[in-house]
Amino acid sequence: MPTPLVLSEVAKTFTMHLRGGLALPVVDAVSFAVAAGECAVLGGPSGAGKSSILKMVYGNYAADSGQIIVEHHGRLVDIAAAAPRTVLAVRRDTVGYVSQFLRAVPRVSALDIVAEPLVARGVAAHAAQERARALLDRLNLPERLWTLPPATFSGGEQQRVNIARGFITDHPVLLLDEPTASLDRANRAVVMALIAEKKAAGTALLGIFHDADVREAVADSVIDVTRFAPGRRAA
Amino acid sequence: MSEVTDEEPLLRVHGLSKFYGNRVGCQDVSFELWPGEVLAVVGESGSGKTTLLNGLSARLMPTSGSVSYRMRDGAWREVYRMSEAERRLLMRTDWGFVHQNPADGLRMTVSAGANVGERLMAVGERHYGNIRATATDWLGRVEIAADRLDDAPRAFSGGMRQRLQIARNLVTAPRFMFMDEPTGGLDVSVQARLLDLLRGLVREMGLAAIVVTHDLAVARLLSDRMVVMKDGRMVETGLTDRVLDDPHAPYTQLLVSSILQV
Numbered sequence: 224m225p226t227p228l229v230l231s232e233v234a235k236t237f238t239m240h241l242r243g244g245l246a247l248p249v250v251d252a253v254s255f256a257v258a259a260g261e262c263a264v265l266g267g268p269s270g271a272g273k274s275s276i277l278k279m280v281y282g283n284y285a286a287d288s289g290q291i292i293v294e295h296h297g298r299l300v301d302i303a304a305a306a307p308r309t310v311l312a313v314r315r316d317t318v319g320y321v322s323q324f325l326r327a328v329p330r331v332s333a334l335d336i337v338a339e340p341l342v343a344r345g346v347a348a349h350a351a352q353e354r355a356r357a358l359l360d361r362l363n364l365p366e367r368l369w370t371l372p373p374a375t376f377s378g379g380e381q382q383r384v385n386i387a388r389g390f391i392t393d394h395p396v397l398l399l400d401e402p403t404a405s406l407d408r409a410n411r412a413v414v415m416a417l418i419a420e421k422k423a424a425g426t427a428l429l430g431i432f433h434d435a436d437v438r439e440a441v442a443d444s445v446i447d448v449t450r451f452a453p454g455r456r457a458a
Numbered sequence: 037m038s039e040v041t042d043e044e045p046l047l048r049v050h051g052l053s054k055f056y057g058n059r060v061g062c063q064d065v066s067f068e069l070w071p072g073e074v075l076a077v078v079g080e081s082g083s084g085k086t087t088l089l090n091g092l093s094a095r096l097m098p099t100s101g102s103v104s105y106r107m108r109d110g111a112w113r114e115v116y117r118m119s120e121a122e123r124r125l126l127m128r129t130d131w132g133f134v135h136q137n138p139a140d141g142l143r144m145t146v147s148a149g150a151n152v153g154e155r156l157m158a159v160g161e162r163h164y165g166n167i168r169a170t171a172t173d174w175l176g177r178v179e180i181a182a183d184r185l186d187d188a189p190r191a192f193s194g195g196m197r198q199r200l201q202i203a204r205n206l207v208t209a210p211r212f213m214f215m216d217e218p219t220g221g222l223d224v225s226v227q228a229r230l231l232d233l234l235r236g237l238v239r240e241m242g243l244a245a246i247v248v249t250h251d252l253a254v255a256r257l258l259s260d261r262m263v264v265m266k267d268g269r270m271v272e273t274g275l276t277d278r279v280l281d282d283p284h285a286p287y288t289q290l291l292v293s294s295i296l297q298v
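Here the protein sequences come in this chain order: A and B.
Going by my numbering, the residue at position 94 of the first sequence is 317; the numbering climbs one at a time, nothing skipped.
Going by my numbering, the residue at position 4 of the second sequence is 40; the numbering climbs one at a time, nothing skipped.
Simulated from the structure, these hints should not be mistaken for lab results.
Just so you have them, the derived chain A footprint on chain B, three or more residues with Cβ under 8 Å:
no.	region
1	221 to 234
2	248 to 261
3	268 to 280
4	283 to 291
Label-pair restraints from in silico Cβ distances:
no.	chain 1	residue 1	chain 2	residue 2	range
5	A	His-349	B	Gly-160	32 to 42 Å
6	A	Gly-379	B	Arg-124	50 to 60 Å
7	B	Ala-209	A	Gly-260	39 to 49 Å
8	B	Gly-176	A	His-296	34 to 44 Å
No residue lacks a Cβ here, since even glycine has one placed at the ideal position from N, Cα and C.
Please model the complete structure; the sequences and the hints are all you need to start from.
So, in structure tokens, the structure goes:
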């Protein structure tokens with residue numbers, strides 16, 4: 224079985240046209256792989272480009288060069304060069320993402336937000352909602368909140384909706400951007416258990432965890448992002 | 037490494053340009069739209085969005101370029117080479133057009149039911165009971181109470197008129213819909229309800245759509261892919277969240293940085 228996620232020589236520079244074309248190089252020559260059942264953690268100080276790497280893997284940021292290869296339905300797809308509709312197909316079935324902040328949709332209930340990725344893959348609405356209920360329950364989100372749109376939820380409540388939405392599918396690759404940042408100890412433990420289950424099921428996980436306890440508990444390897452700092456190669 | 041493309045596009049636009057005298061309406065626009073895909077066209081007033089929409093929807097003869105559509109039988113047809121009758125049939129059946137101002141897309145003096153029923157009659161439905169039942173069903177789907185079926189849309193609020201216009205368009209189960217600022221001029225709460233409704237219907241019916249909007253939040257909520265227009269040209273295109281979160285063109289960066297945060 225091929226490695227689910229391979230990055231090779233990926234580079235990213237932001238060009239700020241409103242600031243006279245100022246170039247802000249973020250990362251250069253990013254190369255690593257994440258195996259099935261492995262949880263790799265991106266390490267390094269704020270601003271080192273950890274989130275940018277995660278967003279490039281999800282196709283949310285464009286990579287300037289290099290390849291981001293995922294195995295999608297038995298074929299290899301390069302996210303860095305794929306057409307938008309291919310990226311959408313990869314997101315639906317192959318690469319999942321738990322973002323740091325929930326982007327709430329007006330009028331859509333927490334339950335439907337969590338169930339949506341399953342519905343998009345053709346699971347019947349009631350079965351998807353059943354799974355969503357089980358996950359929200361496990362993450363200790365009070366049941367009275369389930370039918371409400373999460374726009375007015377607290378940070379921790381929104382994050383748990385986000386986590387449930389990310390973990391509900393069985394995507395072979397799962398990206399985690401600080402999923403435990405605003406959670407209490409009990410809920411952090413739930414997330415660590417969910418991650419352990421994903422690993423046991425063969426999911427390749429790539430994450431950012433600022434919380435050292437969580438990082439130590441879940442990480443199989445730490446990728447030091449400072450080694451991809453632009454200009455290092457020339458030096 | 038191939039793209040995951042087992043099917044064909046629904047619409048192909050190639051080198052579309054429209055000049056008004058020597059002024060540019062839109063210039064050299066090319067893209068493809070796939071079944072079930074929602075494309076947002078964004079840009080400020082005067083950027084060529086409406087010219088492009090009218091050029092695509094057989095309402096405004098382009099100066100040059102082509103618009104091809106894959107018909108239900110699978111055959112590709114150039115929209116501007118069809119006869120007037122064929123084009124009108126296409127617009128009444130397989131296409132929909134939601135105007136910013138519902139009065140432009142509705143008949144304001146006949147009942148809501150007749151507005152929906154009229155498009156059904158255009159595709160050959162003659163049975164009064166069936167037409168009324170289908171119209172009632174559609175009003176329900178756009179959240180208009182059944183007891184308003186016999187009221188004329190001039191007695192409706194702006195949000196209801198817009199929902200009625202959507203029902204009128206969708207009743208023939210089109211595969212492709214044009215929307216021109218569908219939430220423009222509505223209160224934010226009414227806008228949220230309409231967006232939620234549109235999102236659901238588009239997904240449920242597998243509709244492909246082109247949505248013209250100047251509201252980037254609407255584009256993010258409704259569309260998969262985005263085209264940014266400036267001075268009649270496409271300055272950037274790509275996955276909607278990529279364009280909004282990592283804008284490349286100077287103009288897109290300006291647009292994104294101009295959004296007011298709430």
